[in-house]
Amino acid sequence: VANINAIKSGALESGFTQSDVAYWAYNGTGLYDGKGKVEDLRLLATLYPETIHIVARKDANIKSVADLKGK
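Residues in the sequence shown are numbered from 41 upward in steps of one, following the numbering used here.
None of these hints come from the bench; they were simulated from the model. You may find that some hints are simply not true.
[Unchecked claim] Pairs of lysine to any residue, SDA-like flavour, derived with a Cα cap of 20 Å:
(1) Lys48 with Asp60
(2) Lys75 with Asn43
(3) Lys48 with Gly76
(4) Lys48 with Leu81
(5) Lys111 with His93
(6) Lys75 with Ala62
(7) Lys111 with Asn101
(8) Lys103 with Leu87
(9) Lys48 with Leu83
(10) Lys109 with Glu90
(11) Lys77 with Tyr63
(12) Lys98 with Leu83
(13) Lys98 with Lys109
(14) Lys111 with Arg97
(15) Lys103 with His93
(16) Lys48 with Lys75
(17) Lys77 with Val41
(18) Lys77 with Asp60
(19) Lys77 with Glu53
[Claimed, not checked] Computed Cβ-Cβ distance ranges for the label pairs, DEER-style:
(20) Leu84 with Ser49: 14 to 22 Å
(21) Gly110 with Leu84: 40 to 48 Å
(22) Lys103 with Ser49: 41 to 49 Å
Quick reminder that beta carbons are idealized off the backbone N, C-alpha and C, glycines included.
Turn these sequences into a full structure, and let the hints steer you where they fit.
Pasting the structure below:
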């Protein structure tokens, strides 16, 4: 988020960001909802696939992906 904001303000010409943050900024959604679109962004390169995690509250009694069935 900081790098996108710095690019938007002119403090940076380029920077690293996660794909979801770039998407939100460009479309004015997610963390950028109500803050306006940052439509002057351009993707230069994808450096590596992003790892995601499935998380749950500790008290949800979910210990594995199989425990998600029916939830």
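Hints and how they fare:
Proposed proximity of Lys48 and Asp60 is supported: the alpha carbons are some 17 Å apart, at most 20 Å. For the hint pairing Lys75 with Asn43, the CA-to-CA distance comes to about 15 Å; that is within 20 Å, so the pair holds. Distance hint between Lys48 and Gly76 is fulfilled; the C-alpha atoms sit about 11 Å from each other, no more than 20 Å. Annotation: proposed proximity of Lys48 to Leu81 holds, straight-line Cα distance about 8 Å (limit 20 Å).
Restraint check: the Cα-Cα separation between Lys111 and His93 comes to about 17 Å, which is no more than 20 Å; the hinted pair holds. For the proposed pair Lys75 and Ala62, the alpha carbon gap of about 14 Å is at most 20 Å, so the pair holds. Among the hinted pairs, Lys111 with Asn101 is consistent with the structure: their alpha-carbon atoms are about 11 Å apart, no more than 20 Å. Pair hint Lys103 plus Leu87 does not hold up; C-alpha atoms about 32 Å apart against a cutoff of 20 Å.
Straight-line distance between C-alpha atoms of Lys48 and Leu83 comes to about 14 Å, which keeps the hinted pair within the 20 Å bound. As the CA atoms of Lys109 and Glu90 are separated by approximately 25 Å, the hinted pair breaks the 20 Å bound. In summary, the hint linking Lys77 to Tyr63 is supported, as the alpha carbons are separated by about 10 Å, within the 20 Å threshold. Proximity of Lys98 to Leu83 is assessed by CA-CA distance (about 37 Å); at most 20 Å being required, the pair is judged violated.
Distance hint between Lys98 and Lys109 is fulfilled; the C-alpha atoms sit about 17 Å from each other, no more than 20 Å. Between Lys111 and Arg97 the CA atoms are separated by roughly 13 Å; this keeps the pair inside 20 Å, and the hint holds. Under the criterion of a C-alpha separation no larger than 20 Å, the hint pairing Lys103 with His93 is consistent with the structure, at around 13 Å. For the given pair, Lys48 sits about 12 Å from Lys75 by alpha-carbon distance, which is consistent with the 20 Å threshold.
A threshold of 20 Å between alpha carbons decides the hint, and for Lys77 with Val41 the separation of about 13 Å falls inside it, so the pair holds. This hinted pair checks out: Lys77 and Asp60 have alpha carbons roughly 14 Å apart, not beyond 20 Å. A hinted pair counts as satisfied when its Cα atoms are at most 20 Å apart, and Lys77 with Glu53 qualifies at roughly 17 Å. As the Cβ distance of Leu84 to Ser49 is approximately 19 Å, the hint placing it in 14 to 22 Å holds.
Separated by about 43 Å at the C-beta atoms, Gly110 and Leu84 satisfy the suggested range of 40 to 48 Å. At roughly 44 Å, the beta-carbon separation of Lys103 and Ser49 lies within the given 41 to 49 Å, and the hint holds.
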